[in-house]
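Take a look at the letters that make up each chain.
Protein chains: 4
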Amino acid sequence: MGIKVGVLGARGKVGQTVVEAVLAADDLELVAEVDKDDSLQLLLDNGAEIVVDFTAPAVVMDNLDFCINNGISAVVGTTGFDDERLAQVRQWCETNPEVSVLIAPNFAISAVLTMSFAKQAARFFDSAEVVEYHHPNKLDAPSGTAIHTAQGIADARRAAGLGAQPDATDQSLPGARGADVDGVPVHAVRMTGMVAHEEVIFGSRGQSLTIRQDSYDRTSFIPGVLLGVREAQQHKGLVIGLDTYLGL
Amino acid sequence: MGIKVGVLGARGKVGQTVVEAVLAADDLELVAEVDKDDSLQLLLDNGAEIVVDFTAPAVVMDNLDFCINNGISAVVGTTGFDDERLAQVRQWCETNPEVSVLIAPNFAISAVLTMSFAKQAARFFDSAEVVEYHHPNKLDAPSGTAIHTAQGIADARRAAGLGAQPDATDQSLPGARGADVDGVPVHAVRMTGMVAHEEVIFGSRGQSLTIRQDSYDRTSFIPGVLLGVREAQQHKGLVIGLDTYLGL
Amino acid sequence: MGIKVGVLGARGKVGQTVVEAVLAADDLELVAEVDKDDSLQLLLDNGAEIVVDFTAPAVVMDNLDFCINNGISAVVGTTGFDDERLAQVRQWCETNPEVSVLIAPNFAISAVLTMSFAKQAARFFDSAEVVEYHHPNKLDAPSGTAIHTAQGIADARRAAGLGAQPDATDQSLPGARGADVDGVPVHAVRMTGMVAHEEVIFGSRGQSLTIRQDSYDRTSFIPGVLLGVREAQQHKGLVIGLDTYLGL
Amino acid sequence: MGIKVGVLGARGKVGQTVVEAVLAADDLELVAEVDKDDSLQLLLDNGAEIVVDFTAPAVVMDNLDFCINNGISAVVGTTGFDDERLAQVRQWCETNPEVSVLIAPNFAISAVLTMSFAKQAARFFDSAEVVEYHHPNKLDAPSGTAIHTAQGIADARRAAGLGAQPDATDQSLPGARGADVDGVPVHAVRMTGMVAHEEVIFGSRGQSLTIRQDSYDRTSFIPGVLLGVREAQQHKGLVIGLDTYLGL
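Protein chains in written order, with full-length UniProt numbering: chain A, 1 to 248; chain B, 1 to 248; chain C, 1 to 248; chain D, 1 to 248.
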């Protein structure tokens with residue numbers, strides 16, 4: 001009686017987590033688990049209204065071709081979408097206007113909100129810095145999310161006509177003031193035990209504002225995926241990024 | 001050459017801070033300092049375009065009557081505005097449509113943003129609590145701001161159809177789970193050395209989002225006042241609360 | 001070539017985590033995995049020097065009887081030790097003076113250090129409060145650890161002749177100021193996504209000190225267990241609580 | 001009836017704050033305020049038992065010579081003590097064994113405790129980093145305190161035989177991972193509105209420990225000074241640094 005959901009890549013680690021989450025949700029009905037040896041026909045046979053696709057770049061376009069052209073909506077976390085692929089998906093959506101497709105690079109709602117709030121707040125503060133914390137096995141520093149957040153802040157500062165941040169430092173150990181991302185210092189902490197955490201700090205006279213996001217485990221994408229499934233009907237066509245669904 | 005600013009209540013503690021801030025701002029020009037023994041005529045004589053009023057409920061209506069009806073805009077932090085007073089101010093503004101009047105209970109931008117972000121975020125999380133921290137001389141607990149924030153969260157949860165927050169507690173010391181403000185727990189910490197700090201925490205699967213505001217000293221209202229002065233021209237008529245100026 | 005370790009309760013969830021951690025440690029050698037259908041004789045056959053016991057109150061005394069009286073040391077996380085049981089273990093240790101037995105209620109090093117630092121710091125501050133954060137399925141509020149921490153602070157304040165904490169609150173919503181644990185306010189937050197976190201805050205003029213402990217997952221007892229195994233040799237006889245091993 | 005206190009440099013900004021704090025303390029009696037045009041004889045005339053000296057390197061040795069050799073104890077925050085000066089003070093103390101002299105570079109108790117706790121904790125964690133936050137007018141980055149804290153951590157790690165911290169970063173923007181202080185990353189944030197704040201973070205499997213110190217204003221040295229005055233009697237001779245008084 002709930003929304004009929006099919007899960008693609010259902011036997012992968014991420015897919016399994018999605019399957020469990022759909023099963024646990026009262027308003028959703030799991031109707032098909034599809035993995036690489038299964039036919040997509042299973043979706044039609046079981047009346048799937050929407051799929052969740054955490055598969056691979058090599059197969060996601062075939063999945064979307066099949067789903068969209070059969071009137072099935074999709075929530076997609078698979079990576080590898082360039083402009084060409086997005087144009088193709090958009091075209092499929094145009095010929096199937098009743099379908100909703102959400103493609104998002106990040107389903108962690110707290111992370112998407114952090115980025116959005118940072119952009120909203122940036123123009124009101126003299127100072128803005130980003131500190132991100134991850135487990136020590138991470139290869140890049142700072143994280144892509146932190147760089148993206150800093151760029152959003154830098155854009156907002158520029159649009160508001162703010163100049164360089166105040167900083168009288170004239171005697172510094174190399175690296176102390178972090179990485180310079182478009183004028184916004186970004187600091188990366190690597191710490192055994194931590195998962196993924198980001199803190200954005202703004203300062204002006206007599207006050208500061210801190211927006212912090214903590215991901216405690218690998219299931220933090222689930223609430224965003226479920227939101228995508230539940231509210232797909234309200235967002236026809238192709239939507240890129242969770243922001244629209246979050247009303248941002 | 002900058003905006004010509006008059007300060008009302010200029011010799012009070014708050015007024016003095018405003019005077020210094022206006023003097024320090026390159027794009028503002030201090031043209032009149034008015035206190036209780038001075039005539040408001042000083043504003044006209046010196047060409048004030050806008051006043052900042054941190055005075056007292058007993059005199060603020062006379063101040064606004066004079067200013068608005070002489071075409072002078074106003075940024076007002078004085079308290080004591082009830083519906084009747086606001087209706088009167090609104091009427092003066094209608095007959096002087098070129099004037100801007102901003103009346104705000106809270107000029108701490110970080111606090112206003114915290115409240116707004118909390119409202120935006122609330123519907124996406126299972127759990128929401130507020131922890132506020134103040135110096136131990138504060139008489140009320142929780143703070144008015146924290147109660148207001150909690151109510152905003154409660155409204156947003158209700159509007160989104162969220163039910164009660166998950167909480168399996170069945171064995172509790174009295175007070176451990178905080179004050180219940182419309183279903184949102186609010187905790188008040190009183191700590192020597194602290195000034196005024198508020199933290200809003202949201203949680204959903206695998207993640208949390210924290211929005212924190214710190215006021216380090218009594219001058220944290222200044223950036224909001226200066227914003228009000230600088231952007232008054234873009235907000236004709238009566239505006240209540242800083243939110244509109246913050247684009248919220 | 002490392003320390004020869006046996007794991008009791010090896011096929012339970014906790015035991016499995018211990019097994020994996022011992023296997024992953026270069027300086028430890030896993031020589032026996034014992035669960036309920038296995039004979040303790042396995043320990044002797046494989047030359048175990050020390051066991052880790054996360055079993056059950058019903059069997060732990062038999063385990064310790066066997067181990068201690070066969071010259072095998074033990075690191076014990078099993079609960080249910082009352083004075084009588086401790087006296088018995090102490091007696092076994094006296095007749096086997098080369099054996100080390102560590103029985104600890106909490107192996108999370110960060111939590112044990114937080115409690116110790118809180119006790120050390122308490123006498124130097126006017127104000128002290130505890131805020132703990134747990135998942136919403138927890139039955140008690142505040143947590144036992146938070147109550148214990150608050151009591152430690154209260155004892156230290158009393159010993160230093162400090163009086164009641166400053167608090168001018170005279171208008172309060174019920175619960176706002178937390179639970180009163182021996183004069184120390186304790187606040188309990190329940191938040192989906194969180195695991196177990198404790199924050200102790202101290203304040204005096206112009207400053208505060210915060211000691212915070214975060215447990216991100218159920219494996220946070222492992223570093224304490226491994227420390228117990230590695231340093232057992234330096235602590236002959238019965239030791240209760242990890243503090244001694246931490247040099248506190 | 002309380003301890004008779006003289007304040008040297010009594011009309012300077014810091015001295016004034018000390019004067020007010022002594023006046024406000026029930027157990028202390030302010031008997032002499034001495035500044036540059038006053039004679040030290042005032043101390044003897046008024047029976048000072050102990051002085052607080054926040055003066056200047058050029059006069060502090062004369063002050064100490066007079067005080068110690070007249071049997072007056074001293075709490076000294078003036079800078080500029082090299083080995084030679086300390087040797088001289090130590091010699092004066094030896095000939096006046098009833099006198100107590102405390103010379104400390106930092107009287108902010110929360111900062112001194114943070115450093116001490118960091119040293120105690122360091123050997124139990126795989127990872128350790130320092131993040132410090134200051135107002136943007138600060139000239140050096142990181143702060144001297146943060147560098148000192150990192151060195152304390154590095155020493156403790158070395159003494160415990162810990163190797164390099166885990167860090168798989170192989171793709172990094174310059175500065176992202178902070179300044180390398182003896183193997184401990186230190187990050188410096190510069191933020192309008194902030195005063196002086198330091199956070200030390202430790203991580204091991206499944207957990208982290210954070211020790212944070214906030215100085216909200218310039219009076220945060222006062223509790224340490226008062227502690228020094230009150231407990232001087234228990235620490236005869238020359239003591240360097242507040243640690244001894246804190247029982248660390």
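Since the hints were made in silico from the structure, they are not lab data. One thing to keep in mind: the hints can contain errors.
Because identical chains cannot be distinguished in the list, a pair is counted as satisfied if it fits within a single copy or across any two copies.
What the hints assert, rightly or not - DSBU-like cross-link-like pairs, simulated, lysine-lysine; straight-line CA separation at most 35 Å: (1) K36 - K119; (2) K236 - K36; (3) K138 - K119; (4) K13 - K138; (5) K36 - K13; (6) K236 - K119.
Should K236 paired with K119 be assigned to within, between, both, or neither, using CA atoms and 35 Å as the limit? Close inside one copy (26 Å) and across copies (26 Å); limit 35 Å.
My question is about K13 and K138: at a cut-off of 35 Å on alpha-carbon distance, are they close within one copy, between copies, both, or neither? Intra 19 Å, inter 28 Å, cutoff 35 Å: intra and inter.
At most 35 Å between CA atoms: does that hold for K36 and K13 within a copy, between copies, both, or neither? both (14 Å within a copy, 32 Å between copies)
Which holds for K36 with K119 at a C-alpha limit of 35 Å: within a copy, between copies, both or neither? neither (40 Å within a copy, 42 Å between copies)
Quick one: K236 to K36, C-alpha cut-off 35 Å, is that within a copy, between copies, both, or neither? Within one copy only: 28 Å inside a chain, 58 Å across chains, cut-off 35 Å.
Have a look at K138 and K119 and pick one of within, between, both or neither, based on CA distance no larger than 35 Å. Cα proximity of K138 and K119: in one copy and across copies (26 Å, 27 Å).
Figure legend: structure checked against the earlier numbered hints; the only hint not met is number 1.
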